Structures are given as structure tokens and as C-alpha cells.
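K.L.:
For the sequence shown, the residue numbers in this note's numbering are 11 to 74.
To be clear, the hints were calculated from the coordinates, so they are not data collected in a lab. These numbers come from a predicted model, not from an experiment. Any given hint could be a false lead.
Cβ-Cβ distance ranges computed for the label pairs, FRET-style [to be verified]:
no. : residue 1 : residue 2 : range
1   : G41       : N73       : 25 to 35 Å
2   : N73       : A24       : 16 to 26 Å
3   : L25       : N73       : 14 to 24 Å
4   : A72       : E46       : 24 to 34 Å
5   : E49       : H22       : 15 to 25 Å
6   : T43       : H69       : 10 to 20 Å
Where is the CB? At the ideal position from N, CA and C, for every residue including glycine.
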Amino acid sequence: MDTSVKYSGYIHIALEIDDTGLILHQLRALGITITETVEYKGAQFFFIRDPDGNVIEFHQPANS
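All chains should be modelled from the sequences, with the hints used to inform the complete structure.
P.N.:
In C-alpha cells form, the structure reads like this:
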């Protein structure tokens, strides 16, 4: 995640999606900054922040 300080407990929500490329394109078209993108063992993740600074993770499982 893009935070340099780790906090205990829940620090973000995660949403499972089917098409990382499509969602990235739509969010960027809306002017939303993508703070980090990660690929791990075929799964893809990316993170944004809402207007209050909360982290939202989008996750596409491997082979989906």
C-alpha cells in the first residue's frame, strides 16, 4: 500500500473487479489519481484515495 506508516486494524476497503484495465481507464478519465499498481502471482491490484484520504483497493484475481 502507498502509506509509509502502518496502522493496526482495518486501514482500507478492497473491492474485487473483473477488468482492471477498464476500471483504471474509467477512473483516470474522471481525473482520479491512481496511487499504486501491483501485480502479484497473476493477480492485479491498484489503489486510490477518496476525497477524505481513505484508501480504496481494487483487486482482480489471477485468471479472471
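K.L.:
Hint by hint, say whether it matches the structure.
P.N.:
Going down the list of hints, with the structure as the test:
| no. | hint | verdict |
| --- | --- | --- |
| 1 | G41 - N73: 25 to 35 Å | 32 Å, holds |
| 2 | N73 - A24: 16 to 26 Å | 18 Å, holds |
| 3 | L25 - N73: 14 to 24 Å | 18 Å, holds |
| 4 | A72 - E46: 24 to 34 Å | 18 Å, violated |
| 5 | E49 - H22: 15 to 25 Å | 18 Å, holds |
| 6 | T43 - H69: 10 to 20 Å | 18 Å, holds |
Figure legend: structure checked against the earlier numbered hints; the only hint not met is number 4.
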